[in-house]
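Asks: This is what each chain is made of:
Number of protein chains: 2
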Amino acid sequence: MRELHRLRDAIAAPRPEDGAAAQRHLDQLTKPPGSLGRLEELARRLVEIRGGRAPAVDCPVIFTFAADHGVVQEGVSAYPQAVTAQMVENFLRGGAGVNVLARQARARVVVADFGVVTPLPARPGLVSRWVGNGTKNIAREAAMTRAQAVGAIEAGVALAEDAIAGGADLLGLGEMGIGNTTAASAVTAVITGARVEDVTGRGTGIDDATWRRKVDAVRRALEINRPDPDDGVDVLARVGGFEIGGLAGVALAGAAHRLPVVLDGFVATAGGLIASVIAPAARHYLLASHRSVEPGHAVALGHLGLAPYLDLGMRLGEGTGAAVFIHLARAAAHIYTEMATFKSAGVDGPRA
Amino acid sequence: MRELHRLRDAIAAPRPEDGAAAQRHLDQLTKPPGSLGRLEELARRLVEIRGGRAPAVDCPVIFTFAADHGVVQEGVSAYPQAVTAQMVENFLRGGAGVNVLARQARARVVVADFGVVTPLPARPGLVSRWVGNGTKNIAREAAMTRAQAVGAIEAGVALAEDAIAGGADLLGLGEMGIGNTTAASAVTAVITGARVEDVTGRGTGIDDATWRRKVDAVRRALEINRPDPDDGVDVLARVGGFEIGGLAGVALAGAAHRLPVVLDGFVATAGGLIASVIAPAARHYLLASHRSVEPGHAVALGHLGLAPYLDLGMRLGEGTGAAVFIHLARAAAHIYTEMATFKSAGVDGPRA
Chain H
-11 MRELHRLRDA
-1 IAAPRPEDGA
9 AAQRHLDQLT
19 KPPGSLGRLE
29 ELARRLVEIR
39 GGRAPAVDCP
49 VIFTFAADHG
59 VVQEGVSAYP
69 QAVTAQMVEN
79 FLRGGAGVNV
89 LARQARARVV
99 VADFGVVTPL
109 PARPGLVSRW
119 VGNGTKNIAR
129 EAAMTRAQAV
139 GAIEAGVALA
149 EDAIAGGADL
159 LGLGEMGIGN
169 TTAASAVTAV
179 ITGARVEDVT
189 GRGTGIDDAT
199 WRRKVDAVRR
209 ALEINRPDPD
219 DGVDVLARVG
229 GFEIGGLAGV
239 ALAGAAHRLP
249 VVLDGFVATA
259 GGLIASVIAP
269 AARHYLLASH
279 RSVEPGHAVA
289 LGHLGLAPYL
299 DLGMRLGEGT
309 GAAVFIHLAR
319 AAAHIYTEMA
329 TFKSAGVDGP
339 RA
Chain R
-11 MRELHRLRDA
-1 IAAPRPEDGA
9 AAQRHLDQLT
19 KPPGSLGRLE
29 ELARRLVEIR
39 GGRAPAVDCP
49 VIFTFAADHG
59 VVQEGVSAYP
69 QAVTAQMVEN
79 FLRGGAGVNV
89 LARQARARVV
99 VADFGVVTPL
109 PARPGLVSRW
119 VGNGTKNIAR
129 EAAMTRAQAV
139 GAIEAGVALA
149 EDAIAGGADL
159 LGLGEMGIGN
169 TTAASAVTAV
179 ITGARVEDVT
189 GRGTGIDDAT
199 WRRKVDAVRR
209 ALEINRPDPD
219 DGVDVLARVG
229 GFEIGGLAGV
239 ALAGAAHRLP
249 VVLDGFVATA
259 GGLIASVIAP
269 AARHYLLASH
279 RSVEPGHAVA
289 LGHLGLAPYL
299 DLGMRLGEGT
309 GAAVFIHLAR
319 AAAHIYTEMA
329 TFKSAGVDGP
339 RA
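These protein sequences, in sequence, are chains H and R. The first sequence begins at -11 in this note's numbering and counts up by one. The second sequence begins at -11 in this note's numbering and counts up by one.
What the hints contain is simulated information worked out from the structure, not anything from laboratory work. Where a beta carbon is used, it is the ideal one built from N, C-alpha and C, also for glycine. One should not assume that every hint holds.
Taking lysine to aspartate or glutamate and the DMTMM-like style, the derived pairs with C-alpha atoms no more than 20 Å apart in a straight line are [stated by the list, open to error]:
{"#": "1", "chain 1": "H", "residue 1": "LYS124", "chain 2": "H", "residue 2": "ASP204"}
{"#": "2", "chain 1": "R", "residue 1": "LYS124", "chain 2": "R", "residue 2": "ASP216"}
{"#": "3", "chain 1": "H", "residue 1": "LYS331", "chain 2": "R", "residue 2": "GLU77"}
{"#": "4", "chain 1": "H", "residue 1": "LYS124", "chain 2": "H", "residue 2": "ASP195"}
{"#": "5", "chain 1": "R", "residue 1": "LYS331", "chain 2": "H", "residue 2": "GLU211"}
Covered by chain R, according to a simulated footprint, are these stretches of chain H (three or more residues, beta-carbon under 8 Å) [claimed, not checked]:
{"#": "6", "region": "128 to 142"}
{"#": "7", "region": "146 to 153"}
{"#": "8", "region": "235 to 248"}
{"#": "9", "region": "251 to 258"}
{"#": "10", "region": "309 to 322"}
Take these sequences, add in the hints, and give me the full structure.
Replies: Dropping the structure here:
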């Protein structure tokens, strides 16, 4: 917990004057003011996040954390639990969606086992931050102990700080875990106050009967566990997941180090929600890469005050939306640093 | 005209079986079916466009065509006409938005003068396809002769075919021309049948009084010129622009050569509309990179049956939206060609 207190104390809101200075620079570039729309808004936010420094996205890192979820016992997923470990193997061989999209974006992917049930032998490229043998079934009991919750968050913090020490300048959140949209629905319902049926979706693609079981499982998880919405660690411990805790830790570390933290889909955003309960100023460092088709995602982003940049009907997770977004962040950075000004290019401004 | 007839005869709709085969491949990749949303739809479209070949975006080229517009005499723009030539200079020095975004996307920008009023001395990097000394004022007479309209289109075809011969595998449309959103509004109103006030926007950022003048100028352009909506060359000649004609030519050449043609904003899409009147099957080769804030853009895209991939509040033109879209096209291509299949990765599919 000492680690979490240190981070929370280090996280402060960006200074508005940095954003205002960025806007003055953007308005001098050879384009009608505001005509690059959200790319300009993103450039301004990147400058604010970095404390006034010119934006750069030279060394993005995506954290793809994997763990299993006891709630699969309730029959809430279309896929068997073995797929979590199989997909980790796929990540390590570079064949998954996040690998392909991260390669294109020149982003490193940190693949970490936060609690996969199927044993994953140690090997190069696999980071073990095993917190437990999957969570307990949240429809019946707490997902994990409070000590495990703190451990998961602190493991995420440590991995992020390693990457930051190595030069990372943008942190993307990604995840894999059969059953983890059920945990994300529970976390989102608790923290946003939304109704369970409004934040529970089809995950990997379930039918109506499975969806009703999933809604019922989330309802029971909230009734039995009664998480405290003002205590992010409690929410994580009672209805979250190990990988969600790890991602909350990455978000806190990014905010403390004044780096952009890029949310992915619904599950990664649940990690962002937990981080924002632990340290409310952390939300200023979060960027919403895209809007997932999971209905709870828009609810969570709205609660965080974030508008997504992409809306491509994606619902894969893994960090795939964060990877695609890196191109937009780079575009914003390049506009800010490379475009000519009206003065330097000898271009007339609008008529007075 | 012989050239246009040759192209029109060469343009055929893609074969649906190529798209179906692409979908079968996409459904075998290690992700829940459809979970990459519009990136999958885009991959399928790229395969269809290429006649069944695996998609690749190795050599994208953006055509940024510039010309002036006599309708600026009506006081429809916030910027003086001299800015068209000044921005061409900016393109040639690499300082404009499209340069910055194209560099990031590893796209070549072809900058061509189709009829800029301020003389532009010849120099490396500037392609001269000068059709006339700016168009006439469409609020009073036809923009250009029919021969000039054909010449502009054929010049665009020739530039596109040069690029294709050099290996171009994606053609992006971009433009610069003070006053050209007024021409685009007229073209869009004629071809889509929409009301003038619904397809006339703020361009570079005009005030209410200027907007009313602009609407009035477009209305008079349609009344005086009475373009034939079933004759794309006539629409171009009466109310279009030289650069819009050139972009229509690029679109026709791309469709004839079975390459993806990426629209940019409102003005570039007016070129796409003209191409689709000349050769209706050309629309199958058009991709809508983004939705501009110009209100007529959504009307034009709807008429073409296209849904934009990005919605970033952009309204700069030049090809900037097309440049940003290249990253999405590459993402779609990489997903299609690089992701592991369930079988190759040993990942279980959904439970039966």
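Asks: For each hint, tell me whether it holds in the structure or not.
Replies: Structure-based check of each hint:
1. This hinted pair checks out: H/LYS124 and H/ASP204 have alpha carbons roughly 17 Å apart, not beyond 20 Å.
2. Under the criterion of a C-alpha separation no larger than 20 Å, the hint pairing R/LYS124 with R/ASP216 is consistent with the structure, at around 18 Å.
3. For the proposed pair H/LYS331 and R/GLU77, the alpha carbon gap of about 13 Å is at most 20 Å, so the pair holds.
4. Taken as a hint, the H/LYS124 and H/ASP195 pair is broken in the structure, with Cα atoms around 24 Å apart against an allowance of 20 Å.
5. A C-alpha spacing of about 41 Å is found between R/LYS331 and H/GLU211, which places the hinted pair above 20 Å, so the restraint is violated.
6. Coverage of the region 128 to 142 of chain H by chain R is violated in this model, with 0 residues showing a Cβ closer than 8 Å to a Cβ of that chain against a need of three.
7. With 0 residues having a Cβ less than 8 Å from any Cβ of chain R, the region 146 to 153 of chain H misses the three-residue criterion, and the hint is violated.
8. Counting residues of the region 235 to 248 of chain H whose CB falls under 8 Å from any CB of chain R gives 0; the rule of at least 3 is not met.
9. With a threshold of 8 Å between beta carbons, the proposed coverage of the region 251 to 258 of chain H by chain R is violated, since 0 of its residues qualify and at least three are required.
10. With a threshold of 8 Å between beta carbons, the proposed coverage of the region 309 to 322 of chain H by chain R holds, since 6 of its residues qualify and at least three are required.
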